[in-house]
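Quick note, the sequences are listed as chains A and B, same order. Each residue of the first sequence is one higher than the one before, starting from 8 at the first, in our numbering. Each residue of the second sequence is one higher than the one before, starting from 3 at the first, in our numbering.
Rather than coming from a laboratory, the hints here were simulated on the basis of the structure. Be a bit skeptical, because a hint or two may be false.
What the hints assert, rightly or not - Beta-carbon label-pair distances, calculated as ranges:
(1) Glu86/A with Asp148/B: 30 to 38 Å
(2) Ile38/B with Gly115/A: 30 to 38 Å
(3) Phe203/B with Ser104/A: 20 to 28 Å
(4) Asp32/B with Val42/A: 47 to 55 Å
(5) Pro13/B with Gly115/A: 41 to 49 Å
(6) Val42/A with Tyr47/B: 54 to 62 Å
(7) Lys121/A with Phe200/B: 41 to 49 Å
(8) Gly115/A with Glu41/B: 33 to 41 Å
(9) Gln32/A with Leu99/B: 23 to 31 Å
(10) Met27/B with Asp92/A: 54 to 62 Å
(11) Ser91/A with Ile74/B: 45 to 53 Å
(12) Ala125/B with Asn120/A: 37 to 45 Å
Glycine is no exception: its CB is placed at the ideal position from the N, C-alpha and C atoms.
If you want the building blocks of each chain, they are given just below.
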Amino acid sequence: MKKGIIAIVAVLFVSAFLLITAHSQEDMKVVDRSVFKNPQKFSSVFKHEEHNEKAKIEECNECHHVYEDGKLVDGESSEDRRCSDCHKLESSGREPSLVKAYHTNCKGCHQKNKKGPVMCGECHVR
Amino acid sequence: MHDIYSFVSGPLAWVAFIAFFAGIMYRLIDMIVQVIKKEPFIFTYMSLKYSLRSIIHWITPFGTLNWRRNPILTIVTFAFHISLILSPIFLLSHVTLWDEAWNISWWTLPDGVADIMALIVIAGSLFFLIRRLTQREVKFVTSTSDYVILAIVAAPFVTGFLAYHQFFGYPIFVILHILAGEIMLVAIPFTRLSHMIFSLFTRAYMGSEFGVIRKSKDY
Numbered sequence: 008m009k010k011g012i013i014a015i016v017a018v019l020f021v022s023a024f025l026l027i028t029a030h031s032q033e034d035m036k037v038v039d040r041s042v043f044k045n046p047q048k049f050s051s052v053f054k055h056e057e058h059n060e061k062a063k064i065e066e067c068n069e070c071h072h073v074y075e076d077g078k079l080v081d082g083e084s085s086e087d088r089r090c091s092d093c094h095k096l097e098s099s100g101r102e103p104s105l106v107k108a109y110h111t112n113c114k115g116c117h118q119k120n121k122k123g124p125v126m127c128g129e130c131h132v133r
Numbered sequence: 003m004h005d006i007y008s009f010v011s012g013p014l015a016w017v018a019f020i021a022f023f024a025g026i027m028y029r030l031i032d033m034i035v036q037v038i039k040k041e042p043f044i045f046t047y048m049s050l051k052y053s054l055r056s057i058i059h060w061i062t063p064f065g066t067l068n069w070r071r072n073p074i075l076t077i078v079t080f081a082f083h084i085s086l087i088l089s090p091i092f093l094l095s096h097v098t099l100w101d102e103a104w105n106i107s108w109w110t111l112p113d114g115v116a117d118i119m120a121l122i123v124i125a126g127s128l129f130f131l132i133r134r135l136t137q138r139e140v141k142f143v144t145s146t147s148d149y150v151i152l153a154i155v156a157a158p159f160v161t162g163f164l165a166y167h168q169f170f171g172y173p174i175f176v177i178l179h180i181l182a183g184e185i186m187l188v189a190i191p192f193t194r195l196s197h198m199i200f201s202l203f204t205r206a207y208m209g210s211e212f213g214v215i216r217k218s219k220d221y
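All chains should be built: construct the whole structure from the sequences, respecting the hints.
Here it is as structure tokens:
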């Protein structure tokens with residue numbers, strides 16, 4: 008009986024651990040939108056690894072940036088934090104709101120390079 | 003596709019918004035100048051009280067004799083105009099873009115509600131089209147321009163509906179939708195769609211004339 012419980016707990020722990028580690032950027036297919044209150048659009052397509060390979064983006068801090076005193080810090084990155092840790096639902100000061108942060112970052116680069124989606128439904132695919 | 007999208011959503015959007023607002027200003031100033039030149043005596047009996055009385059009755063469903071005479075036409079007219087005006091102004095997608103372009107934003111409709119309002123505008127347009135084609139007394143006063151204006155109004159909603167649902171040809175419909183909206187904006191001040199601004203003044207004038215001069219009601 009006791010052994011059974013230990014085995015079940017162990018299985019639970021292992022699967023929880025697997026679930027957490029399985030949730031890494033390699034498996035990312037869309038950008039998580041759960042921080043938005045009552046989101047209205049479909050999650051934006053974004054296959055993290057495939058995207059950055061195809062787009063030939065070398066630096067993680069192209070997106071996962073770090074600012075200090077309003078200046079972008081070279082060579083430092085923030086992939087251990089979510090965009091929403093810093094960007095709130097409303098803009099504050101020079102920090103754009105979360106939607107604007109995503110759209111400026113994603114669409115901005117696509118527009119500049121004339122490559123990658125710029126129309127709403129090309130990212131927010133049904 | 004990038005270049006076309008950037009063009010219609012950038013410079014062309016500027017042209018459309020400037021033509022819309024400048025066009026409205028021009029038409030209003032022109033109206034005031036014409037009245038001062040030709041019929042300045044109108045100002046002697048313009049009355050705020052009777053103007054508001056007329057406007058309030060006419061923007062109330064069934065608030066006038068005319069509205070009560072044809073209930074179906076009245077319901078369609080109100081549902082059509084309310085949806086037509088509110089849905090583009092309070093559409094989340096539009097506000098998102100204005101926020102990015104001009105740092106302005108306000109309350110928005112849930113997408114599902116806006117979707118239904120688009121359908122109301124499309125259904126209303128069909129109703130008005132069929133009415134023009136079949137009712138003898140309406141057909142009699144209909145010219146080609148009436149059909150063109152109806153198409154100009156329906157087009158942004160038809161293309162917007164198709165784009166939103168991503169049925170097929172998504173990028174094409176987005177671009178057509180933006181173009182259709184811009185055509186409508188430019189058309190408002192310079193076609194009979196200008197009743198968007200002038201209907202208020204027409205009612206104010208009629209209300210004042212009926213209230214002050216004829217001592218009767220215009221509703």
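Item to complete: State, for the Cβ atoms of Phe203/B and Ser104/A, whether the hinted interval 20 to 28 Å holds or is violated.
Response: This hint is violated: roughly 40 Å between Cβ atoms.
Worksheet item: Range hint 54 to 62 Å: satisfied by the CB atoms of Val42/A and Tyr47/B?
Response: With Cβ atoms ~60 Å apart, the hint holds.
Worksheet item: Is 30 to 38 Å right for how far apart the beta carbons of Ile38/B and Gly115/A are?
Response: Cβ of Ile38/B to Cβ of Gly115/A: about 51 Å, so the range 30 to 38 Å is violated.
Worksheet item: Honestly, do Ser91/A and Ile74/B meet the 45 to 53 Å range at C-beta?
Response: holds (50 Å)
Practice prompt. Check the following: the C-beta atoms of Asp32/B and Val42/A are separated by a distance inside 47 to 55 Å.
Written response: holds (51 Å)
Item to complete: Please test the hint of 33 to 41 Å on the beta carbon pair from Gly115/A and Glu41/B.
Response: Taking Cβ atoms as reference, Gly115/A and Glu41/B lie about 55 Å apart, which means the hint is violated.
Worksheet item: Can the suggested window of 37 to 45 Å be confirmed for the beta-carbon pair Ala125/B and Asn120/A?
Response: Roughly 42 Å apart at Cβ, these two residues keep to the hinted range, so it holds.
Practice prompt. For Gln32/A and Leu99/B, compare the CB-CB distance with the range 23 to 31 Å and indicate the outcome.
Written response: holds (29 Å)
Worksheet item: Are Glu86/A and Asp148/B spaced within 30 to 38 Å by their CB atoms?
Response: Distance hint for Glu86/A, Asp148/B is violated at roughly 60 Å.
Worksheet item: Using the C-beta atoms of Pro13/B and Gly115/A, is the stated range 41 to 49 Å upheld?
Response: violated (18 Å)
Worksheet item: Taking 41 to 49 Å as the hint, is the beta-carbon distance of Lys121/A and Phe200/B inside that range?
Response: holds (44 Å)
Fill in: Range hint 54 to 62 Å (beta carbons of Met27/B and Asp92/A) holds or violated
violated (46 Å)
In this structure, the hints that do not hold are numbers 1, 2, 3, 5, 8, 10, in rising order.
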